[in-house]
Amino acid sequence: MKEKLTSFWRIFFGDSARAFGTMSIIFLLLLAIAPAKNHFSEWRHYQKRYLHLIRGRADAVTLERHFQGGIQQIWIPEQQVTDRCTTCHIGLKEASLANVSTQPFRKHPVIPHSLTEFGCTTCHRGQGAATTVQEAHSASEQWEQPLLPAKYIEAGCGQCHLEKQTATPFLNQGRQFISSYGCTHCHTIKQADGTRILPDDDPPSLKHIADKTTREWVYAWIKDPQSYAATATMPNYHFSDDDARDVSAFIFTQSTLLEPPLPPMKAEATPPDPAAGATLYGQSFCASCHATQNAAGTLVGGNFGPELTGIGTKAKPEWLQDWIKNPQHYDPETMMPHYRFDDKQVSILTGFLEAKTEPDFLANVHLDPATPQQIEHGKRLVVENGCASCHEINGIKKPENFAPELSRIGSKPLNQLIFVEGVEHALPDYIGAKVRNPRAFGPALKMPQFKLTPQQINAVTTALLALTDRAQTQPPSMRIASGQQTHYEPAGQAGRLMHDLQCFSCHMINGHGGDMAPDLTWEGTAVQREWLVQFLENPETLRPALIRRMPKFNLTDSEINTLSDYIMTVYQTPEFDRDSLPMSQFTAASVEEGRQLFYSKFACQSCHIADFSKDKGYIGPALAGTGKRLNPAWIYHWLKDPQALRSGTIEPNQHMTDDEAKSLTAFLMSLKSGEPKKAMKK
Amino acid sequence: MKTALLALVAVVIFGVGCSRKSKPPAPLQATAIGAAIVESSGGEQIGYIGMPLDQPVVVQVNDASGSALVGAAVYFSGPAGVSFTPASALTDSSGQVTSTVTLGQQAGRYKLVASTRDSSGKKLDIVVEEVALGYQQTVGAQLNAQYCIRCHDSESTPERVSNMDNLSVKPHPFTEGDILNKMSHADLVAIITHGGAALNKSPEMPPWGYTLSKSDIAALVSYLRAVAGPPYEAGGLVYARN
Chain U
166 MKEKLTSFWR IFFGDSARAF GTMSIIFLLL LAIAPAKNHF SEWRHYQKRY LHLIRGRADA
226 VTLERHFQGG IQQIWIPEQQ VTDRCTTCHI GLKEASLANV STQPFRKHPV IPHSLTEFGC
286 TTCHRGQGAA TTVQEAHSAS EQWEQPLLPA KYIEAGCGQC HLEKQTATPF LNQGRQFISS
346 YGCTHCHTIK QADGTRILPD DDPPSLKHIA DKTTREWVYA WIKDPQSYAA TATMPNYHFS
406 DDDARDVSAF IFTQSTLLEP PLPPMKAEAT PPDPAAGATL YGQSFCASCH ATQNAAGTLV
466 GGNFGPELTG IGTKAKPEWL QDWIKNPQHY DPETMMPHYR FDDKQVSILT GFLEAKTEPD
526 FLANVHLDPA TPQQIEHGKR LVVENGCASC HEINGIKKPE NFAPELSRIG SKPLNQLIFV
586 EGVEHALPDY IGAKVRNPRA FGPALKMPQF KLTPQQINAV TTALLALTDR AQTQPPSMRI
646 ASGQQTHYEP AGQAGRLMHD LQCFSCHMIN GHGGDMAPDL TWEGTAVQRE WLVQFLENPE
706 TLRPALIRRM PKFNLTDSEI NTLSDYIMTV YQTPEFDRDS LPMSQFTAAS VEEGRQLFYS
766 KFACQSCHIA DFSKDKGYIG PALAGTGKRL NPAWIYHWLK DPQALRSGTI EPNQHMTDDE
826 AKSLTAFLMS LKSGEPKKAM KK
Chain X
83 MKTALLALVA VVIFGVGCSR KSKPPAPLQA TAIGAAIVES SGGEQIGYIG MPLDQPVVVQ
143 VNDASGSALV GAAVYFSGPA GVSFTPASAL TDSSGQVTST VTLGQQAGRY KLVASTRDSS
203 GKKLDIVVEE VALGYQQTVG AQLNAQYCIR CHDSESTPER VSNMDNLSVK PHPFTEGDIL
263 NKMSHADLVA IITHGGAALN KSPEMPPWGY TLSKSDIAAL VSYLRAVAGP PYEAGGLVYA
323 RN
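Here the protein sequences come in this chain order: U and X. Last residue of the first sequence: 847 in the working numbering, with the numbers rising by one and none dropped. Last residue of the second sequence: 324 in the working numbering, with the numbers rising by one and none dropped.
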């Protein structure tokens, strides 16, 4: 063996010339490693496969001309984008490769952004500068942001688009859930444009809770809110029986009597007729906001106010009576309008709602009077769980920043998170798991369990993943502001009246309010005063197919005058003069021409009713009484460009000529028949 | 030398192949053998790419007499990117297997296969079709829900009453593939943009070209192509030979 080695040594290193030659060859081989590594690199393999793929195609010449070999890069310094993804994803811009099944060569789906202006990692994340599949797509210890899974891809859009976009349904939904489930009572979320996501779940004040309901009900409710109402947004804190007993004891100890106190129940001469209750409930359009479960178990009604299926089990009769009479007595900030019901109506509705009970809910609840120790323990639980973040509780201050701020949760470093078994070591999985079941991360965690479907969890996770460092630090020119609501409040007597009636719960005015009913910003230009007075007196529906309608508030004449004067004077568009198209311009001939246009050229009757005896379309409002309702200048400008007067309206812009719009206005103003009463009935 | 290199490459490929996590699922111990497999529910759903479908896919295995069979093994499979939870299972007490399906990353129609074996060992398949909407089709779906559905869908819900019966010429539902598939993209875009009257069709279809943008209308067309049944087959680009 030793001899062999010696002879081997002699052959290669026997003298200086041999040694020099051998070393030269070794160095040459070492030098060849780098080019060899380059030659066998992964991306070259994909480029070869691409060339192989296109060779047999009919459009090979075009595709080959577009093909550029070597490492490709999209470099956008101001957005910190250095993306080499196009090195392997070669066909991203080739229309003819839209249906190619082999990745990475398929065309990118149609999006409104140019790939070269935005890069890839801006939306998809991943490591842009990497040149291997593993490094580019996956997370490693040096790179924590892997590719965003497809189900959360809208989080990419949400970094710049803070507004509600048609194209991002899940992101919009997620943001809405964050508001409507009140996540931001505890978690602060500051968006890049400086706005905050605000909660809009309106949790009730508990200052006078003992006036409203019983301790037993509160006990059963905090044990499991969804067993009272499936639609409840209150989360489950998984309180033990003892904890729930003590929390309810503390809350009831802190409750003070309402000032002035609730009036006693009005004695009823005759028990209210249940049919009358259902009728009044229907006529007052309570179901526009409140849902109830019908006999078949389906929920009927809106989700704006709380579900009323078991309201009789929850609310004390005296409280319900007082609430229906004037909700602002109990809660000055409520979104529920102050209907001006007379005593008889109040009694009918109270009786009707008190009969809606869920006896099973309180079947096994028996609470003994609370001991001081229990109350003290209850107080500790209330403070520890941050109940006052959402609810007003006497003697407990609303905690500041009770839970971690989430403004940059989408870029949270993984070393700051504690993972549990069964959750993949990646941020999207962590957030999804945390939203799904927070207590899985430790029984001592305070975050309660929200009742969300898997789709809702995906949506919330998407919205949270959009809150990234990139979103916060990118140039402001990239951002599309969230378009949050203004704080507009009308002044004076009319303003107080509109607050009392809570018009803004449904109507939007000057950028403040709900979207259930039409925007009234320019209502004064649109309608005639006589019609408005009549409508406020007795709102007859304009859209027969809608189930959500304007309720009758039983206003007095002077209240109606105040409101009408205010609306007619203040809510005027600056775009045109409401008197710019006097009725004297319209001739019988123009009315006839308008009729022709209405029924033939524009086929308006497919969506609107001009004549109840023959038209049937009911997508838009009925137009039979237009001549008594609207102002001609408004109609004219509406017909010319509906979206200019009310953005988002679905009335199509038909690109009418001035003459056509004028004739149609003449025809519509000639419709003064009004709605026959029988057509209102079903 | 060449063989050594090839062997080396083979070893490397083998190693890479083995390092993947994908272990073949443990074979199911079927306690019964079915004679037929049928779809119970969950077909023809419209979902979104990369997202789980709203409803699970439920298939049922029947015996020769047509009654539900307990304990038959059902295997689900689909195109690349589709995942099933569970991917295989034995039929439950009602003879059914329920699987939650997450669609792949590409928009379009997905053919999912559920299979079982009969007594002769022959594979019995049932094909369930689902639609995945991509970005553009999702935009179209949203626009459809806002502008089109009240006339183009005969279904009514309490929130949305169909207007179809009020029209003198009934609009085509977007799922009506046998008619809409024959119309070219350009025709559909023209009708949506300019309205029915401009194309000698019913004026009850208004022109949307002044309300919706061109990309909105393209999105609507891609949506109705996606939901068409029978499915729309794209003609593709035609190039002259040489």
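One or more of the hints may lead you astray.
[What the hints assert, rightly or not] Keeping only pairs whose Cα atoms sit at most 25 Å apart, straight-line, the calculated BS3-like set for lysine-lysine is:
no. : chain 1 : residue 1 : chain 2 : residue 2
1   : X       : Lys-296   : U       : Lys-258
2   : U       : Lys-766   : X       : Lys-283
3   : U       : Lys-272   : X       : Lys-296
4   : U       : Lys-779   : X       : Lys-252
[Stated by the list, open to error] To give an idea of the interface, some chain U residues facing chain X are shown, with a C-beta separation under 7 Å as derived from the structure:
no. : residue
5   : Pro-274
6   : Thr-331
7   : Ala-332
8   : Ala-710
9   : Ala-768
10  : Lys-779
11  : Gly-785
12  : Ile-815
13  : His-820
Keep in mind the hints are simulated off the structure, nothing from the lab. C-beta atoms are modelled at their ideal positions from N, C-alpha and C, and glycine is treated no differently.
How the hints compare with the structure:
The suggested pairing of Lys-296/X with Lys-258/U holds, with an alpha-carbon distance near 20 Å, which does not exceed 25 Å. For the hint linking Lys-766/U to Lys-283/X, the alpha-carbon distance of about 12 Å falls within 25 Å, and the restraint holds. For the hint pairing Lys-272/U with Lys-296/X, the CA-to-CA distance comes to about 21 Å; that is within 25 Å, so the pair holds. Taking the CA atoms of Lys-779/U and Lys-252/X, the gap is near 17 Å; set against the 25 Å cutoff, the hint holds.
Because the closest C-beta pair between Pro-274/U and chain X is about 5 Å apart, less than 7 Å, the hint holds. Evaluation of the Thr-331/U hint against chain X yields a held restraint, the C-beta minimum of about 5 Å falling below 7 Å. This hint holds: Ala-332/U has a C-beta 5 Å from the nearest C-beta of chain X, less than the 7 Å allowed. Taking 7 Å as the C-beta cut-off, the interface hint given for Ala-710/U holds, the closest approach to chain X being about 4 Å.
Given the 7 Å rule on beta carbons, the hint for Ala-768/U holds: about 4 Å separates it from the nearest Cβ of chain X. A hinted interface residue such as Lys-779/U counts as satisfied when its beta carbon comes closer than 7 Å to some beta carbon of chain X; here the least separation is about 11 Å, so the hint is violated. At about 10 Å, the closest approach between the beta carbon of Gly-785/U and any beta carbon in chain X exceeds 7 Å, and the interface hint on this residue is violated. The interface hint given for Ile-815/U is met, as the beta carbon of that residue sits about 5 Å from the closest beta carbon of chain X, less than 7 Å.
Hint status for His-820/U relative to chain X: holds, with the closest Cβ pair at about 5 Å, below 7 Å.
Consistency note: the structure conflicts with the earlier hints numbered 10 and 11.
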